[in-house]
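Asker: Chains as they are written, first to last, in the numbering used here: chain D, 3 to 327; chain Y, 200 to 460.
Keep in mind that the hints were calculated from the coordinates and are not lab data.
Since the model is a prediction, treat every value here as computed from it, not as a measurement.
Glycine included, every Cβ here is placed at the ideal spot set by N, Cα and C.
Just so you know, not all the hints are guaranteed correct.
Unchecked claim - Chain Y is nowhere near these chain D residues, computed Cβ spacing over 12 Å in every case:
no.	residue
1	THR60
2	ARG164
3	ALA302
Stated by the list, open to error - Part of the chain Y face toward chain D, derived, beta carbon under 7 Å:
no.	residue
4	GLY209
5	ALA216
6	ARG281
7	TYR283
8	GLY284
9	THR285
10	GLY287
11	LEU291
12	SER292
13	PRO293
14	ARG294
15	ARG296
16	ILE332
17	VAL335
18	ALA455
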Amino acid sequence: MGSEYAIEADQLRRTYRGRTGWLRPRRTEVDAVRGVSFTVRRGELFGLLGPNGAGKTTTIKMLNTLLIPTSGTAVVCGQDVVRQTREVRRRIGYVFGGDRGLYERLSALDNLRYFAELYGVAPRDQKRRIAELLDLVGLAGRERERVEGYSRGMRQRLHIARGLLHAPEVLFLDEPSIGVDPVAARELRRTVADLAAGGTTVLLTTHYMAEADELCDRIAVIADGRIQALGTPAELRHRADGRRVVEVEAYGVPDTAVSALRGLPGVRETAVEERGALQLLTVQSDAHVDVQSDILRELAGIRLGRVSSREPTLEDAYVAIVSSS
Amino acid sequence: MKTIRLMTVGGVIAYRALFNWTRPSIFIGTLLIGPLFQLLFFAYLGRQLQVADDRFYLVGNAVLAATLAGVFGGTLAVGNERRYGTLGHVLLSPRSRTAVFLGRALPYGANGLFIAVFTLSVSALMLGLRIPIGAVPGLLTAMAIGSLASAFFGLTLGALGLRFRDVWVISNVAVALLMLLTGVNVPRANLPGWMATTGQYLPITHAAEAARQFAAGQGWSAAGPQLGREALVGLGYAVLAAVLLKVFEFESRRTASLETL
Chain D
3 MGSEYAIEAD QLRRTYRGRT GWLRPRRTEV DAVRGVSFTV RRGELFGLLG PNGAGKTTTI
63 KMLNTLLIPT SGTAVVCGQD VVRQTREVRR RIGYVFGGDR GLYERLSALD NLRYFAELYG
123 VAPRDQKRRI AELLDLVGLA GRERERVEGY SRGMRQRLHI ARGLLHAPEV LFLDEPSIGV
183 DPVAARELRR TVADLAAGGT TVLLTTHYMA EADELCDRIA VIADGRIQAL GTPAELRHRA
243 DGRRVVEVEA YGVPDTAVSA LRGLPGVRET AVEERGALQL LTVQSDAHVD VQSDILRELA
303 GIRLGRVSSR EPTLEDAYVA IVSSS
Chain Y
200 MKTIRLMTVG GVIAYRALFN WTRPSIFIGT LLIGPLFQLL FFAYLGRQLQ VADDRFYLVG
260 NAVLAATLAG VFGGTLAVGN ERRYGTLGHV LLSPRSRTAV FLGRALPYGA NGLFIAVFTL
320 SVSALMLGLR IPIGAVPGLL TAMAIGSLAS AFFGLTLGAL GLRFRDVWVI SNVAVALLML
380 LTGVNVPRAN LPGWMATTGQ YLPITHAAEA ARQFAAGQGW SAAGPQLGRE ALVGLGYAVL
440 AAVLLKVFEF ESRRTASLET L
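Same shape as in the complex, but just chain Y (with noise of 0.2 Å):
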């Protein structure tokens, strides 16, 4: 009950406390505004290039919109503990490194949630997608898996940020990375095999496919595979972010290598 509280109440507040970007100009302009105009450019592009139909790009932007909030929150989330010169006192802390940081990763994954229900909300009215009631649980559900997927991906490159500095550089490029290999908006079998194989690992990749099966009516059997896939992606990186925490964490007292205070 104790960890749940810790993970919980105490995500809450390092969420408050270490991502700047909950300023409404920020949020609105970064993780609203900002994704709804890279929805449309694809929709159109696609579109003109008619490569694959609305569905495709609203469905498949809309849950990489997610990944905004999860990759870079989750980079804040271990990231602004050393700008604030707080990761000494959290270090010094006699509670579990795994639910402390893992806690952190669930706002992010609720937030990028909200993000991509608003972005395929708005998108859809725009464009005149419609999308019938009865698909709306599972692609809550592909949405919310894929958020939190992302969140503990977010976290690995965070942890990162205990061993490198500049884990910005690495947060930057991991976007980029999974607008191209995630086949949200390059149908995966469009990719070379190398690309499509990463992208398999990636969060939100099997999400997407999730969100686009529900969207085209199709029911949870057909959804189901590909949301247990979505899930052990994240699973495999939240116990990844959880061990590279705690090595990186050893490896500071040995080595001093971090600036803890």
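Extracted from the complex, chain D is given alone in its bound form (with noise of 0.2 Å):
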């Protein structure tokens, strides 16, 4: 069995390196992962978040053989992703969000046959395999069809599938409910659940801080390309304790209103939400200090909907971590 950790990863980086301009070229170098470690044991369900560019997909890319560290280690399933490559593809399953990914032509069966195949799964098992994972994702009864003409939904279902042809021990899950409508998500989810109480071991990384604190055993929050913070979802709550969240709903709010916003006495964090004509102004705030009478009062002469003031959940502290940053 080996190490009780299906996923090592020791100061892993990775330096992109590009070369722009035709007269005069000049050398870029992007810093995507700045000195990644973190364990994930066995049967764990670990939660990658962050937002957009932290280097939560170029993560996954070193662990799962992709990209090269330029330094640092990993080892999953106790091979090394650099040296081992091809035992470290055998043991584990790769799924993405997205629309892209699949062969448009052909159908959601010869899509799995043709993974099957190179995925290694043996001949005489791969009907039954097919068939099984058909029926786990709900679509047994529609594999005929060409993948061309199915929904995001059904395609995410069918990435997942084929993610789980050869039976991984570790699975990779990158945003795989991007884009996906809440009745799918929900789905998604429990597949998600289920696999890891089979034993799977799951890396899912996630812009929905629910979808983590509902799956997740431990969660490592990234950005600017390092860990800012790990461990359980109830942990990670504690770092916006001793804080109080006001929120309030508005129209039409100025950049230099909530610039005001963020200079006032007590105030931690601000984070505005679009919703269409509707934006949601998230004010975290030092506990003690009542700041709500002092936010209406930056706001006068905006038209505003509901104000609640309410305790700081998982996402409330993700936006304290990503900030502090």
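Take each chain as given, in its own frame, and dock them per the hints.
Answerer: What follows is the structure in structure tokens.
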């Protein structure tokens, strides 16, 4: 069995080097991942959270052998991702969100048949395994239709079926619920939870806090290429202890007003979420300071909707962690 | 056995997945009708200029017709992976890259053979060329080897697609060069020395010569050496394609030069 860890990343770094310009070529360097270390126990469901460009996908690509780290080491199921590439690939599955990544002209069945060949599923097991997976992801009965006619949710389920064809020990899920409707996302979460309950190690990246909170045993928050916090969802939530959150629904808040809110005494973080014409202002402050009246004063003259005050959630803790990075 | 299955079963599924010229309108128009008219053009031009007889053009252009599926199919066999965003999932396979990708050339070889047989049969009926029945096995062999060599040549170009985004430019130029340098339309003896020499290392040059020898009633002993040379050229491109795919895959992991996903 070997190590108790399915994934061991030690000081992983990845620098992208490029060139721009024709007449005067200039070298560019971007440090996407800057020394990431963590371990994932066998059977654990581990979340990697972070904003766009934080280094989540680059980290996954180093762990699943698609990228060689600039420095640092990573071991998956006891195999080094650089030196024992083939052994790692036998043991891992990879699922990513989005519409692409499937052969559009083929049926779901033929997509799975082809990847069963590529991932080394024994011919005598292929039929049974594919039927099992089609059942698992709810595509049984639709498997002979061309993928080009599939909805995003169906494609996502097919992605998952493909990732599980060879019964991998470790499954990398890179934003699997992106763009999926709420019902499909709930089914997807149930499937992921069942997999973890069955002993599969899952490394999940997501933007959705509720998803991470519901599913993950532990979460690492990554920003600016570094891990900023790591712990159970409950532990991370404590990062926002001693804070209070005021939420204000407003219409047409100018940037200057948001900046003014940031400058109020006791205010720690502010965030604006656009919801069509409505803007949802989230203001985190020290719990012992009542900032609600100051906020309303700053927003005087602006059309407001509901105003409420609440305890911080994991999402607030996440915002606090990422903002402080 | 598993490797053979990967190359054959996997190759056929990949062909259906990636070769979008299998739509009847494109297949018939581009791979059957187009080459037939091209053949007729060169045959009538040859008659006008009295450079060579009908057999020279019919057999040469039939073998040339096979290259369309090979060159463009081989390019699509890698290039379309990028289009569909599937390349990363293929590269995550623990199976042999050589088997995965060389297997993809086999259906294109078979496709090329079908096109060559169609083009030669229809043009022979139209222009009244008589082919001795005893020449058929030899002709089929020459066209099959030439088609497969073209498919491996196409796969080599496809491998370049892992490094260069606009590989279609190279494929288009390659098809024009095959028409010029392989002696299918201009006798190689009439070509400048460097062109004739270059042609020796391209697919179908030797297959076309062997096919003409068979069509002229000569036997295996006469055409055999040309068939052997064609097979060697095809094998060379198969090895080159496998090496390039390996090198570019490693480079993509090292330099992140490839949009794998």
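Asker: All hints are to be evaluated individually against the structure, with a verdict given for each.
Answerer: Verification of the hints:
A cut-off of 12 Å between C-beta atoms contradicts the statement that D:THR60 is not in contact with chain Y; the least separation is 8 Å. The Cβ of D:ARG164 does not lie farther than 12 Å from every Cβ of chain Y; its closest approach is about 7 Å, which violates its non-interface assignment. For D:ALA302, the non-interface assignment is confirmed: its Cβ lies about 49 Å from the closest Cβ of chain Y, beyond the 12 Å cut-off. Given the 7 Å rule on beta carbons, the hint for Y:GLY209 holds: about 4 Å separates it from the nearest Cβ of chain D.
Annotation: interface hint on Y:ALA216 holds; nearest CB of chain D at approximately 4 Å, less than 7 Å. This hint is violated: Y:ARG281 has a C-beta 10 Å from the nearest C-beta of chain D, more than the 7 Å allowed. Annotation: interface hint on Y:TYR283 holds; nearest CB of chain D at approximately 6 Å, less than 7 Å. Checking Y:GLY284 against chain D: minimum C-beta separation of about 3 Å stays under 7 Å; hint holds.
With a cut of 7 Å, the hint placing Y:THR285 at the interface with chain D holds, because the nearest CB-to-CB distance is about 6 Å. The beta carbon of Y:GLY287 comes within 6 Å of a beta carbon in chain D, closer than 7 Å, and the hint placing it at the interface holds. With its C-beta approaching chain D no nearer than about 6 Å, Y:LEU291 sits inside the 7 Å limit, and its interface hint holds. The closest approach between the C-beta of Y:SER292 and any C-beta of chain D is roughly 4 Å, which is under the 7 Å cut-off, so the hint is satisfied.
With its C-beta approaching chain D no nearer than about 4 Å, Y:PRO293 sits inside the 7 Å limit, and its interface hint holds. For Y:ARG294, the shortest C-beta to C-beta distance to chain D is roughly 6 Å, which falls under 7 Å, so the interface hint holds. Interface hint status for Y:ARG296: violated, as the beta-carbon distance to the closest one in chain D is roughly 10 Å, over 7 Å. Given hint, Y:ILE332 at the interface with chain D, is violated; its Cβ is 40 Å from that chain's nearest Cβ, farther than 7 Å.
Nearest Cβ of chain D to the Cβ of Y:VAL335: about 35 Å, over the 7 Å cut. The hint is violated. Annotation: Y:ALA455 was flagged as interfacial toward chain D, and the flag holds, the nearest CB pair being 6 Å apart, inside 7 Å.
Hints 1, 2, 6, 15, 16, 17, counting from the list given before, are not met by this structure.
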